[in-house]
Amino acid sequence: MDIYSKIKFNLRFLPGCLSFLLCTASTLFGQTNSTAPATVKVFRAGAATSNITPKIGTSINGLFQDRLVQNIHDETHARGLVLDDGQTCLAIVVMDLCAASREMIDKAKARAHKATNIPLENILISATHAHSVGTAAPLFQSNPDPAYVDFLSDRAADAIIRAFHNRIPARIGWAVGQEPTQVFNRRWKMKPGTPMPNPFGGQDQVKMNPGVANPALLEPAGPTDPEVPVISIQSLDSTPIAVLANYSLHYVGGTPDNEISADYYGLFASRIRELLGADKQAIPFVGMMTNGTSGDINNVNVAGKKNPPEAPYTHMRVVANIVAAEAYKAIVNIRYQNWISLAAFQKEISLGVRKPDKKEIKRAQDIVSNAKGPAMNTSEEVYARETLLMKDYPDHVPVILQAFRIGDLAITAIPNEVFVEIGLELKAKSPFKPTFNIELANGYNGYLPTPAQHKLGGYETWRARSSYLEVEAAPKITETLLGLLNKLKTSHTELSN
Amino acid sequence: MRTVAVSYFSVLLACSMNVHAQTPPAKSSGQDKVFRAGASTSNITPPLGTPIVGNFVEPPATQIHDELHARCLVLDDGTTQLAFVIVDNVGINQEVFDEAKHQIHERTGLPEEHLLMSAVHTHSATSAAGGSGIRRGGWNIGKSLDEYQSFLARRISDGVQVAINNLEPARIGWGSGKVPQHLFNRRWKMKEPVMNPFGEKDIVKMNPGIRNPDLLEPAGSTDPQVSFISVESTSGRPIALLGNYSLHYVGGVPTGDISADYFAVFADRIQELLKADRQDRPFVAMMSNGTSGDVNNINVREPAETYPPYAKMRIVADDVAKEVFRVYKTMHYQAWVQLKAAQSQLTLGVRRATPEMLVNAQKILARPDTAKPLFHSLEKVYAERILLMQQEWPDKIDIKLQTFRIGDLGVAAIPFEVFTETGLEIKAKSPYKSTFTIELANGSYGYLPTPEQHELGGYETWLGTNKVEKNASRKIVSELLALFSSLK
Chain Z
1 MDIYSKIKFN
11 LRFLPGCLSF
21 LLCTASTLFG
31 QTNSTAPATV
41 KVFRAGAATS
51 NITPKIGTSI
61 NGLFQDRLVQ
71 NIHDETHARG
81 LVLDDGQTCL
91 AIVVMDLCAA
101 SREMIDKAKA
111 RAHKATNIPL
121 ENILISATHA
131 HSVGTAAPLF
141 QSNPDPAYVD
151 FLSDRAADAI
161 IRAFHNRIPA
171 RIGWAVGQEP
181 TQVFNRRWKM
191 KPGTPMPNPF
201 GGQDQVKMNP
211 GVANPALLEP
221 AGPTDPEVPV
231 ISIQSLDSTP
241 IAVLANYSLH
251 YVGGTPDNEI
261 SADYYGLFAS
271 RIRELLGADK
281 QAIPFVGMMT
291 NGTSGDINNV
301 NVAGKKNPPE
311 APYTHMRVVA
321 NIVAAEAYKA
331 IVNIRYQNWI
341 SLAAFQKEIS
351 LGVRKPDKKE
361 IKRAQDIVSN
371 AKGPAMNTSE
381 EVYARETLLM
391 KDYPDHVPVI
401 LQAFRIGDLA
411 ITAIPNEVFV
421 EIGLELKAKS
431 PFKPTFNIEL
441 ANGYNGYLPT
451 PAQHKLGGYE
461 TWRARSSYLE
471 VEAAPKITET
481 LLGLLNKLKT
491 SHTELSN
Chain B
498 MRTVAVSYFS
508 VLLACSMNVH
518 AQTPPAKSSG
528 QDKVFRAGAS
538 TSNITPPLGT
548 PIVGNFVEPP
558 ATQIHDELHA
568 RCLVLDDGTT
578 QLAFVIVDNV
588 GINQEVFDEA
598 KHQIHERTGL
608 PEEHLLMSAV
618 HTHSATSAAG
628 GSGIRRGGWN
638 IGKSLDEYQS
648 FLARRISDGV
658 QVAINNLEPA
668 RIGWGSGKVP
678 QHLFNRRWKM
688 KEPVMNPFGE
698 KDIVKMNPGI
708 RNPDLLEPAG
718 STDPQVSFIS
728 VESTSGRPIA
738 LLGNYSLHYV
748 GGVPTGDISA
758 DYFAVFADRI
768 QELLKADRQD
778 RPFVAMMSNG
788 TSGDVNNINV
798 REPAETYPPY
808 AKMRIVADDV
818 AKEVFRVYKT
828 MHYQAWVQLK
838 AAQSQLTLGV
848 RRATPEMLVN
858 AQKILARPDT
868 AKPLFHSLEK
878 VYAERILLMQ
888 QEWPDKIDIK
898 LQTFRIGDLG
908 VAAIPFEVFT
918 ETGLEIKAKS
928 PYKSTFTIEL
938 ANGSYGYLPT
948 PEQHELGGYE
958 TWLGTNKVEK
968 NASRKIVSEL
978 LALFSSLK
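For the protein sequence lines, the chains are Z and B, in the order given. For the first sequence, position 65 (counting from the first letter as 1) is numbered 65 according to our numbering, and the numbering increases by one without interruption. In our numbering, each residue's number is its place in the second sequence (first place is 1) plus 497.
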């Protein structure tokens, strides 16, 4: 069982994952007459950040049009957490990116695995979905700088390696807060007769971001998920090590067009550290906000009143402070456990691609050739270009799905911008309570609406490199994830027996 | 131009309102100009796995204890902009700084002479000298930058761009205090001459070891002065503080760790003292290295101190920050000062090995690695270094010398690890009321002993460690004083 012989990484030898600590009872309790050594399970955890700020002059992800970085408002990071039950390690990284490609993430996992021996399926790497960050995946008219993508692989891996290195004996606990005030379903059914044209020449039954106080508003097309699950990890002397939170909010925004900012995710990390009194620690505390299932959820209350415009960065701070306060409220009541067991399962499934047909391709070609260019300006032009880029996609794509068990808590990881009802269903049907979901994880396969939402149409269903999986993708993904969760449950029960 | 006109008008208005209460202030040439400042940090942490330089072995980085940064401060008197960039590295080759300056000039038009860039001299960072090992002592000018050097140049230029983006109306002040207790001249005259790696006898030994019974006396002085420049917004929010202290570095870093040493701890601590944590526009502090080529933190006269990793640098940083803060509280800000910069190139001869040294070098390298050294445990390293220098280095090099004038404060920048007595001489002879020096600035060409110190020998004078003519410090001081006078 010489797992270390596999490590051929040029880093100093790191004690690998799978290192049950053997202590004798006498060392622990100061007794001298103990005879039999006992195995004491030690739970360890470490966290670290790794800087991923893009170069000035390079592409910013998030809008239809490409924008170039002119200023760094706040640095962007990969934030890493490694948990180690003595036998199994799990690594979770959340990156200040709009979306992260499977290729970049797989390279990161390989580098991290080489240095730490953490199995690939035990590593979860996700993007926050900030819209004011470096471009890591081609979206609309933004294309990544290949050098930046390589840099991201190294940096994501380094966040894990550094977190792995920082492991110390730790205790862990979790809780679920409720913050309904900052989430709004952004897809609206409109009053009969309201025109809802889509860029393919048809009409939708749903409008995304219909505008605050739009008189034609009827009702939201879906629910929201107010939960703020938090996992809190501290050292045995109660020094905070990390807080991993999860909230189903697309992002906040309010940044000038050419500025880099980690959005409310970065501010949450800073604010929760402040609330926990964890500034300036010898081993720095790491706060992490992961994105739940927020494909159709934003922070704009269109049913409310029109507010005067706010200064840049003001609103994201309000949201971060409110969510951090709720997370903090949940954290203070956590009962920590000195040891819990960890497990992970992963499964890749093949899903169909909604490819354009000949007629659609012809229409798109006409639009693109008539566009003034070079950039596509109208949404018709933008989607025509996307249609042409989609025509060469394969008929099926692999989709990576993953589930982690942390004691009695479960996390699912989905490489999509997932509609909130899918997350709610997973939470309801999961054999673990609590369960939460991390979207934009381990790759990027675009929006994931339910089949019912596909019928309603609207932005998130419009075919593009940001929305292309088959209409039935959501139930297949849900079923696979529930399968992984049940498998985790069965193996856990066997372990406990 | 409109902003300038408006502020001029408001100055006039303020004067006329005060006219009955007191004599109107004398008209100053600067009163119609707005002084601005902006600061930023730019993260330069290397990837794990790259070699850490500063010692004779170069272990790969396995852990980042604290992030490395290029810390930028841009000052603007309305006509002239000056930029300081203080970089967490052991020493940065001129071509890296030149690339960063070129990028900044392309983007902003700022002339190179107005950009002062230096390395702090942390010994726990990766190489910015083009490659690792013996290669770092080669002649790398004209070669394309390696991956980390390119990254560093770009991060520096991005940092300066962000500092420029952050420019806002500001006040400026400066001052100095004294922190003598952490400085020790590390070169000691010994009771008996000591053999060096070239088979010659030195009078001086660097780091002779704690309580070495052969200690006679330190071969040089220390400079206890800690100087600083502080800028705040017109509403009193701290923008940046640039410190300057003549201490090589502290260390106490485990093998394989990346750390910015006490320089970054100082930045963090002064930020805490100024209550400038968590500002919406982040406060930026930086510690530049003065002239500390021969000054370290080890008191060889007293029994050895033992500290856990990172503990000593915290103590030093805390004491230096507290002294800066003490003076800071009594310091007066000025609403406007004039900014000026001057730079020149100085040609220096490259020191060459003597025929005896070359013969010895060949002899040393011919011996098996297992053989007992002929002269010194580092003789093979130095034999390789001098042969590489002999092959690759030109006979003459051009180095950059630069001075800034900030009101009646002068700053001199030197691309060497400068001996403290040279810094003290510049401070004493400077035409300005306050002066400090920044070493390892705009390049990195090794140690700069004075001719007198060359006579005494010791590590810093060894060929390979020192690379330029023995009279170089004299020429440099005289050129810097001429530059200072040109700005008067």
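Be aware that one or more of the hints could be misleading.
As the list claims (entries may be wrong) - Derived coverage of chain B by chain Z (criterion: at least 3 residues anywhere in the stretch with Cβ under 8 Å from a Cβ of chain Z; other residues may be distant): (1) 550–561; (2) 822–830; (3) 882–889.
Claimed, not checked - With a Cα cut of at most 20 Å, we get these calculated SDA-like pairs of lysine to any residue: (4) Z:K114 <-> B:T605; (5) Z:K55 <-> B:D815; (6) Z:K280 <-> B:K772; (7) Z:K280 <-> B:R811; (8) B:K809 <-> Z:G202; (9) Z:K280 <-> B:N540; (10) Z:K55 <-> B:E564; (11) Z:K280 <-> B:D595; (12) Z:K55 <-> B:K772; (13) Z:K280 <-> B:R651; (14) Z:K280 <-> B:N662; (15) B:K772 <-> Z:K114; (16) Z:K280 <-> B:F648; (17) Z:K280 <-> B:D815; (18) Z:K55 <-> B:K809; (19) Z:K114 <-> B:G546; (20) Z:K280 <-> B:T605; (21) Z:K55 <-> B:R651; (22) Z:K107 <-> B:G546; (23) Z:K55 <-> B:E596; (24) B:K772 <-> Z:P226; (25) B:K930 <-> Z:S270; (26) B:K772 <-> Z:K362; (27) Z:K280 <-> B:E644; (28) Z:K362 <-> Z:G202; (29) Z:K280 <-> B:L771; (30) Z:K55 <-> B:H599; (31) Z:K55 <-> B:N662; (32) Z:K55 <-> B:H620; (33) B:K772 <-> Z:G202; (34) B:K809 <-> Z:Q281; (35) Z:K55 <-> B:A773.
To be verified - Residues of chain B placed beyond 12 Å of chain Z at every Cβ, according to the derived structure: (36) L565; (37) R604; (38) D655; (39) R708; (40) G753.
Rather than coming from a laboratory, the hints here were simulated on the basis of the structure. Glycine included, every Cβ here is placed at the ideal spot set by N, Cα and C.
Comparing the hints with the structure gives:
no. : hint              : result
1   : 550–561           : holds (count 5)
2   : 822–830           : violated (count 0)
3   : 882–889           : violated (count 0)
4   : Z:K114 <-> B:T605 : 43 Å, violated
5   : Z:K55 <-> B:D815  : 34 Å, violated
6   : Z:K280 <-> B:K772 : 13 Å, holds
7   : Z:K280 <-> B:R811 : 12 Å, holds
8   : B:K809 <-> Z:G202 : 70 Å, violated
9   : Z:K280 <-> B:N540 : 18 Å, holds
10  : Z:K55 <-> B:E564  : 18 Å, holds
11  : Z:K280 <-> B:D595 : 35 Å, violated
12  : Z:K55 <-> B:K772  : 30 Å, violated
13  : Z:K280 <-> B:R651 : 28 Å, violated
14  : Z:K280 <-> B:N662 : 28 Å, violated
15  : B:K772 <-> Z:K114 : 43 Å, violated
16  : Z:K280 <-> B:F648 : 28 Å, violated
17  : Z:K280 <-> B:D815 : 14 Å, holds
18  : Z:K55 <-> B:K809  : 35 Å, violated
19  : Z:K114 <-> B:G546 : 12 Å, holds
20  : Z:K280 <-> B:T605 : 35 Å, violated
21  : Z:K55 <-> B:R651  : 7 Å, holds
22  : Z:K107 <-> B:G546 : 16 Å, holds
23  : Z:K55 <-> B:E596  : 15 Å, holds
24  : B:K772 <-> Z:P226 : 36 Å, violated
25  : B:K930 <-> Z:S270 : 42 Å, violated
26  : B:K772 <-> Z:K362 : 63 Å, violated
27  : Z:K280 <-> B:E644 : 31 Å, violated
28  : Z:K362 <-> Z:G202 : 16 Å, holds
29  : Z:K280 <-> B:L771 : 15 Å, holds
30  : Z:K55 <-> B:H599  : 16 Å, holds
31  : Z:K55 <-> B:N662  : 15 Å, holds
32  : Z:K55 <-> B:H620  : 26 Å, violated
33  : B:K772 <-> Z:G202 : 58 Å, violated
34  : B:K809 <-> Z:Q281 : 16 Å, holds
35  : Z:K55 <-> B:A773  : 27 Å, violated
36  : L565              : 10 Å, violated
37  : R604              : 8 Å, violated
38  : D655              : 4 Å, violated
39  : R708              : 31 Å, holds
40  : G753              : 5 Å, violated
When held up to the earlier numbered hints, the structure conflicts with 2, 3, 4, 5, 8, 11, 12, 13, 14, 15, 16, 18, 20, 24, 25, 26, 27, 32, 33, 35, 36, 37, 38, 40 and fits the remainder.
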